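*Asks:* Here is how the chains run, residue by residue.
2 protein chains.
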Amino acid sequence: MPVYNPNQSFNFKILKKGPHAARLGSLQTPHGLIKTPAFIFCATKAAMKSLTIEQLKTSDTQIILSNTYHLMLQPGAESVEKQGGLQKFTGWHGPMLTDSGGFQIFSLGHGNIADEIKGRGMPNRSKTLLEITEEGARFRSYINGKEYLLTPAESMRIQRLLGADLIVVLDECTPYHVEKSYTQASMERSHRWALQSLNAYLAHDNGKQKLYGIVQGGVYPDLRKISAEFISDHPFFGHAVGGSLGAEKQEMYDVIASTMSHLSKDRPVHLLGIGGIEDIFQGVLQGIDTFDCVHPTRIARHGGALVKPWNRLDNHKREHLNLRNSQYKLDLNPIEPDCACTTCANHTRGYLHHLLKTEIFLGFTLIAQHNAFFMNNLMKQIRYALEQNIFLELFNSWGFQQKP
Amino acid sequence: MPVYNPNQSFNFKILKKGPHAARLGSLQTPHGLIKTPAFIFCATKAAMKSLTIEQLKTSDTQIILSNTYHLMLQPGAESVEKQGGLQKFTGWHGPMLTDSGGFQIFSLGHGNIADEIKGRGMPNRSKTLLEITEEGARFRSYINGKEYLLTPAESMRIQRLLGADLIVVLDECTPYHVEKSYTQASMERSHRWALQSLNAYLAHDNGKQKLYGIVQGGVYPDLRKISAEFISDHPFFGHAVGGSLGAEKQEMYDVIASTMSHLSKDRPVHLLGIGGIEDIFQGVLQGIDTFDCVHPTRIARHGGALVKPWNRLDNHKREHLNLRNSQYKLDLNPIEPDCACTTCANHTRGYLHHLLKTEIFLGFTLIAQHNAFFMNNLMKQIRYALEQNIFLELFNSWGFQQKP
Numbered sequence: 012m013p014v015y016n017p018n019q020s021f022n023f024k025i026l027k028k029g030p031h032a033a034r035l036g037s038l039q040t041p042h043g044l045i046k047t048p049a050f051i052f053c054a055t056k057a058a059m060k061s062l063t064i065e066q067l068k069t070s071d072t073q074i075i076l077s078n079t080y081h082l083m084l085q086p087g088a089e090s091v092e093k094q095g096g097l098q099k100f101t102g103w104h105g106p107m108l109t110d111s112g113g114f115q116i117f118s119l120g121h122g123n124i125a126d127e128i129k130g131r132g133m134p135n136r137s138k139t140l141l142e143i144t145e146e147g148a149r150f151r152s153y154i155n156g157k158e159y160l161l162t163p164a165e166s167m168r169i170q171r172l173l174g175a176d177l178i179v180v181l182d183e184c185t186p187y188h189v190e191k192s193y194t195q196a197s198m199e200r201s202h203r204w205a206l207q208s209l210n211a212y213l214a215h216d217n218g219k220q221k222l223y224g225i226v227q228g229g230v231y232p233d234l235r236k237i238s239a240e241f242i243s244d245h246p247f248f249g250h251a252v253g254g255s256l257g258a259e260k261q262e263m264y265d266v267i268a269s270t271m272s273h274l275s276k277d278r279p280v281h282l283l284g285i286g287g288i289e290d291i292f293q294g295v296l297q298g299i300d301t302f303d304c305v306h307p308t309r310i311a312r313h314g315g316a317l318v319k320p321w322n323r324l325d326n327h328k329r330e331h332l333n334l335r336n337s338q339y340k341l342d343l344n345p346i347e348p349d350c351a352c353t354t355c356a357n358h359t360r361g362y363l364h365h366l367l368k369t370e371i372f373l374g375f376t377l378i379a380q381h382n383a384f385f386m387n388n389l390m391k392q393i394r395y396a397l398e399q400n401i402f403l404e405l406f407n408s409w410g411f412q413q414k415p
Numbered sequence: 012m013p014v015y016n017p018n019q020s021f022n023f024k025i026l027k028k029g030p031h032a033a034r035l036g037s038l039q040t041p042h043g044l045i046k047t048p049a050f051i052f053c054a055t056k057a058a059m060k061s062l063t064i065e066q067l068k069t070s071d072t073q074i075i076l077s078n079t080y081h082l083m084l085q086p087g088a089e090s091v092e093k094q095g096g097l098q099k100f101t102g103w104h105g106p107m108l109t110d111s112g113g114f115q116i117f118s119l120g121h122g123n124i125a126d127e128i129k130g131r132g133m134p135n136r137s138k139t140l141l142e143i144t145e146e147g148a149r150f151r152s153y154i155n156g157k158e159y160l161l162t163p164a165e166s167m168r169i170q171r172l173l174g175a176d177l178i179v180v181l182d183e184c185t186p187y188h189v190e191k192s193y194t195q196a197s198m199e200r201s202h203r204w205a206l207q208s209l210n211a212y213l214a215h216d217n218g219k220q221k222l223y224g225i226v227q228g229g230v231y232p233d234l235r236k237i238s239a240e241f242i243s244d245h246p247f248f249g250h251a252v253g254g255s256l257g258a259e260k261q262e263m264y265d266v267i268a269s270t271m272s273h274l275s276k277d278r279p280v281h282l283l284g285i286g287g288i289e290d291i292f293q294g295v296l297q298g299i300d301t302f303d304c305v306h307p308t309r310i311a312r313h314g315g316a317l318v319k320p321w322n323r324l325d326n327h328k329r330e331h332l333n334l335r336n337s338q339y340k341l342d343l344n345p346i347e348p349d350c351a352c353t354t355c356a357n358h359t360r361g362y363l364h365h366l367l368k369t370e371i372f373l374g375f376t377l378i379a380q381h382n383a384f385f386m387n388n389l390m391k392q393i394r395y396a397l398e399q400n401i402f403l404e405l406f407n408s409w410g411f412q413q414k415p
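Protein sequence lines, in the order shown, are assigned to chains A and B. In this text, residue positions in the first sequence follow the working numbering: the first is 12, and each later residue adds one. In this text, residue positions in the second sequence follow the working numbering: the first is 12, and each later residue adds one.
Quick caveat, the hints were computed from the structure, so don't treat them as lab data. Please read all numbers here as calculations on a predicted model, not as lab measurements. Glycine residues also receive a C-beta, built at the ideal position from the N, C-alpha and C atoms. Hints should not be assumed to be uniformly reliable.
To be verified - Below, a list of computed lysine-lysine pairs in the PhoX-like style, where the Cα atoms sit at most 25 Å apart:
1. A/K368 to B/K93
2. A/K27 to A/K276
3. B/K68 to B/K46
4. A/K340 to B/K93
5. B/K368 to A/K138
6. A/K368 to B/K328
7. B/K414 to B/K236
8. B/K68 to B/K24
9. B/K391 to B/K328
10. B/K276 to B/K93
11. B/K340 to A/K99
12. B/K340 to B/K368
13. B/K328 to B/K340
14. B/K99 to B/K46
15. A/K368 to B/K99
16. A/K93 to B/K340
17. B/K368 to A/K157
18. B/K46 to B/K219
19. B/K368 to A/K93
20. A/K391 to A/K46
21. A/K391 to A/K319
22. A/K340 to B/K99
23. B/K68 to A/K68
24. B/K340 to A/K157
25. A/K276 to A/K46
26. A/K93 to A/K219
27. A/K340 to B/K414
28. B/K99 to A/K99
29. B/K27 to A/K368
30. B/K276 to B/K27
Unchecked claim - Partial chain A-side listing against chain B, Cβ under 8 Å, derived:
31. K56
32. T101
33. L341
34. L377
All chains, full assembly: derive it from the sequences and hints.
*Replies:* Here it is in structure tokens:
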């Protein structure tokens with residue numbers, strides 16, 4: 012992993028173009044170079060829940076993200092800043108991204124937004140979002156009940172204190188089950204917030220961070236066009252595709268395709284919160300450069316180990332094995348016989364099954380380690396295929412069809 | 012770590028004698044050489060709860076133990092045997108020890124025996140011990156309520172299936188708060204069980220395992236003498252000191268001293284369940300070769316990081332820092348500035364405090380990693396001091412006085 016170099020400025024280069032809108036690139040930050048397409052792992056509260064820095068390095072992780080919302084509440088942005096900023100604080104000296112804090116505020120406000128933006132309904136959860144106004148979002152800390160107002164300028168201030176390389180504008184993460192009129196009004200407010208974020212960022216720009224604008228507009232192609240053009244028209248370093256991408260895979264791929272067709276082509280594009288294997292292949296084809304998702308580490312905590320299509324054993328529709336299944340009880344094979352991770356080198360499915368059944372945390376760690384290696388290795392294969400002009404062959408060999 | 016060599020036979024060598032009864036030695040097993048004095052880490056259910064094999068290797072761990080009681084219930088000894096035995100099952104290809112299963116049966120029977128044998132009273136816990144007879148111990152599985160009878164021969168059969176290098180006889184772990192007459196009768200039954208264990212072991216001896224006899228007798232010097240001589244008189248490969256060692260440190264050191272004075276001097280001696288820093292120094296002085304205890308990993312799960320006396324900050328009577336204390340909130344130092352472990356290389360006390368406060372499991376892993384390194388490093392220092400004839404100087408520099 013490269014050493015922090017404060018004199019290293021940011022840049023994004025497209026090294027090669029692939030089929031459709033796919034592209035091979037590199038994203039330089041003061042904390043190191045990210046080869047794209049890349050996957051960004053979620054270190055929500057400034058830590059991957061079950062993986063050490065050493066384990067992240069061993070699996071060739073390039074970049075991790077932390078959540079502004081959680082960190083502003085605990086230990087607090089000032090505390091992180093006093094401890095040298097996120098990279099010194101976590102001991103991860105590579106590239107980092109922080110989100111704006113908006114996603115979790117609206118998530119806790121609307122219920123579970125991860126479900127909601129994907130159209131899976133609104134479970135009844137305790138709501139801590141008090142009010143959304145033109146100024147920002149007022150919410151209550153889930154830790155001590157204290158009230159906070161997160162404005163675009165405040166999100167920029169907090170993200171500046173946290174000190175990640177890549178930061179994003181404050182937006183409202185619009186739910187799926189709302190009227191188009193609400194989605195439009197929310198998008199327009201998010202655009203105003205994006206400009207306020209940009210101005211606040213520029214007022215303190217010291218060259219150590221770069222700002223991403225977020226495209227909203229829900230599942231409506233006309234709104235996505237307006238939003239993509241709006242964000243492209245302003246001097247953001249990168250673009251992120253956010254908001255609801257629909258209730259089904261096909262709808263998501265359509266929304267991504269229509270959004271990408273209107274975004275300027277020279278900036279890095281991040282797809283927020285998406286990390287399924289097919290989603291990544293389809294996203295890369297549409298020109299997405301980076302992805303993030305809690306999926307690889309979250310499923311590990313439920314015994315889910317990511318596998319290539321030819322290693323699926325218990326459910327061919329699923330991109331992972333469920334190692335809790337009793338069929339693995341005496342299985343002497345590693346998760347994947349063709350995997351080079353340390354978990355597959357050292358442990359059998361039978362042993363991992365035992366750890367899951369006895370609820371020993373090591374089981375989650377070992378599966379998360381495999382999943383992290385799997386994701387980084389997948390992105391490496393994708394980059395290699397783009398470089399060698401064989402991306403569609405790789406795409407097909409994983410069993411996917413081009414959509415749309 | 013050495014590779015498994017089934018042709019490598021066992022041996023125990025005393026390489027050098029130190030002050031009082033202290034000794035530097037080596038214990039050869041088919042899975043590798045253990046330099047003694049050594050600490051044995053508890054991988055209770057065939058796993059260290061928060062550490063991977065890689066992390067154990069990085070901290071120079073020599074040997075781990077698993078508990079027969081837990082493994083016979085889940086996944087079952089036959090299941091472990093079908094998966095190649097404990098070393099293949101766990102992926103830990105170094106030396107291993109299993110206990111007899113007795114300790115946990117009697118622990119769940121009497122309440123919490125770890126407290127009880129140390130004279131800290133008998134908390135009211137669910138009891139699964141049904142009956143102790145001349146034949147063995149009848150108990151109920153805490154998992155599915157099924158009844159089991161553990162006899163000396165059955166403990167040997169299970170430990171043979173599990174396949175650890177070092178195994179121990181079935182004994183009753185006598186509580187502290189019982190009459191001397193009960194302690195004596197229990198000791199005599201444990202002696203009969205020890206011979207039955209030895210005979211069952213010898214009937215199937217294939218050279219792959221060696222058996223330890225256990226000295227009982229509670230806190231009574233006359234009983235300890237009888238038991239030590241009895242065990243010494245039979246062809247056990249090694250000796251273990253078990254049962255209640257008293258309610259206070261001084262009583263424990265007295266019991267160990269009187270026991271050791273009656274044990275033959277040519278076999279390796281293990282002190283069961285003891286692993287405090289001073290306890291180890293005092294034990295080494297009395298001739299103990301190996302120690303085991305859940306302490307280093309258990310305190311890690313409560314934020315306890317082992318430190319050398321000169322690094323104690325929050326409570327000088329305690330051998331660890333409590334990193335949950337708010338005094339560490341903004342502390343930019345590692346757990347120990349003079350520690351070479353990966354946790355101290357990568358992380359500050361402030362960050363570990365944050366992980367503990369947010370209950371992120373990584374915090375326990377990182378502290379356990381430090382504690383494992385600490386214990387292995389402590390044993391290395393002790394061995395070096397014995398080799399260099401400076402053990403008493405080391406002993407004094409850690410602030411201990413010779414007892415008794």
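*Asks:* None of the hints should be skipped; say for each whether it holds.
*Replies:* Each hint, compared with the structure:
Note on A/K368 and B/K93: the hinted pairing holds, with a Cα-Cα distance of about 18 Å set against a maximum of 25 Å. In summary, the hint linking A/K27 to A/K276 is supported, as the alpha carbons are separated by about 13 Å, within the 25 Å threshold. Restraint check for B/K68 and B/K46: the C-alpha separation of about 15 Å stays at or below 25 Å, so the hint holds. Taken as a hint, the A/K340 and B/K93 pair is honoured in the structure, with Cα atoms around 11 Å apart against an allowance of 25 Å.
A C-alpha spacing of about 23 Å is found between B/K368 and A/K138, which places the hinted pair at or below 25 Å, so the restraint holds. Taken as a hint, the A/K368 and B/K328 pair is broken in the structure, with Cα atoms around 39 Å apart against an allowance of 25 Å. For the given pair, B/K414 sits about 19 Å from B/K236 by alpha-carbon distance, which is consistent with the 25 Å threshold. In summary, the hint linking B/K68 to B/K24 is supported, as the alpha carbons are separated by about 24 Å, within the 25 Å threshold.
Between the alpha carbons of B/K391 and B/K328 the distance comes to roughly 24 Å, so the proposed pair stays at or under 25 Å and holds. A hinted pair counts as satisfied when its Cα atoms are at most 25 Å apart, and B/K276 with B/K93 does not qualify at roughly 38 Å. Proximity of B/K340 to A/K99 is assessed by CA-CA distance (about 15 Å); at most 25 Å being required, the pair is judged to hold. For the hint pairing B/K340 with B/K368, the CA-to-CA distance comes to about 10 Å; that is within 25 Å, so the pair holds.
Distance check on the hinted pair: B/K328 and B/K340 sit about 22 Å apart at the alpha-carbon level, within 25 Å; holds. At most 25 Å may separate the alpha-carbon atoms for a hinted pair to count; B/K99 and B/K46 meet this at roughly 23 Å. For the given pair, A/K368 sits about 19 Å from B/K99 by alpha-carbon distance, which is consistent with the 25 Å threshold. For the suggested pair A/K93 and B/K340, the alpha carbons sit about 11 Å apart, so the restraint of at most 25 Å is met.
Proximity of B/K368 to A/K157 is assessed by CA-CA distance (about 18 Å); at most 25 Å being required, the pair is judged to hold. For the proposed pair B/K46 and B/K219, the alpha carbon gap of about 19 Å is at most 25 Å, so the pair holds. Restraint check for B/K368 and A/K93: the C-alpha separation of about 18 Å stays at or below 25 Å, so the hint holds. Among the hinted pairs, A/K391 with A/K46 is consistent with the structure: their alpha-carbon atoms are about 9 Å apart, no more than 25 Å.
Distance check on the hinted pair: A/K391 and A/K319 sit about 14 Å apart at the alpha-carbon level, within 25 Å; holds. For the hint linking A/K340 to B/K99, the alpha-carbon distance of about 15 Å falls within 25 Å, and the restraint holds. Taking the CA atoms of B/K68 and A/K68, the gap is about 17 Å. The hint holds against a cut of 25 Å. Annotation: proposed proximity of B/K340 to A/K157 holds, straight-line Cα distance about 20 Å (limit 25 Å).
About 17 Å separates the Cα atoms of A/K276 and A/K46, which keeps this hinted pair within 25 Å; it holds. Between A/K93 and A/K219, the direct Cα distance comes to roughly 17 Å. Compliance with the 25 Å bound is thereby established for this hinted pair. For a cut-off of 25 Å, the pair hint linking A/K340 to B/K414 is broken: about 50 Å separates their Cα positions. Restraint check: the Cα-Cα separation between B/K99 and A/K99 comes to about 39 Å, which exceeds 25 Å; the hinted pair is violated.
Distance restraint check for B/K27 and A/K368: the Cα-Cα separation of roughly 46 Å exceeds the 25 Å cut-off, and the hinted pair is therefore not satisfied. At most 25 Å may separate the alpha-carbon atoms for a hinted pair to count; B/K276 and B/K27 meet this at roughly 13 Å. Given hint, A/K56 at the interface with chain B, holds; its Cβ is 5 Å from that chain's nearest Cβ, closer than 8 Å. Restraint check, A/T101 versus chain B: the minimum CB separation of about 7 Å is within 8 Å; hint holds.
Against a cut-off of 8 Å between C-beta atoms, the interface hint on A/L341 holds, since the closest Cβ of chain B lies about 6 Å away. About 7 Å separates the beta-carbon of A/L377 from the nearest beta-carbon of chain B, less than 8 Å, and the hint is met.
In this structure, the earlier hints numbered 6, 10, 27, 28 and 29 are contradicted, and the remaining ones agree with it.
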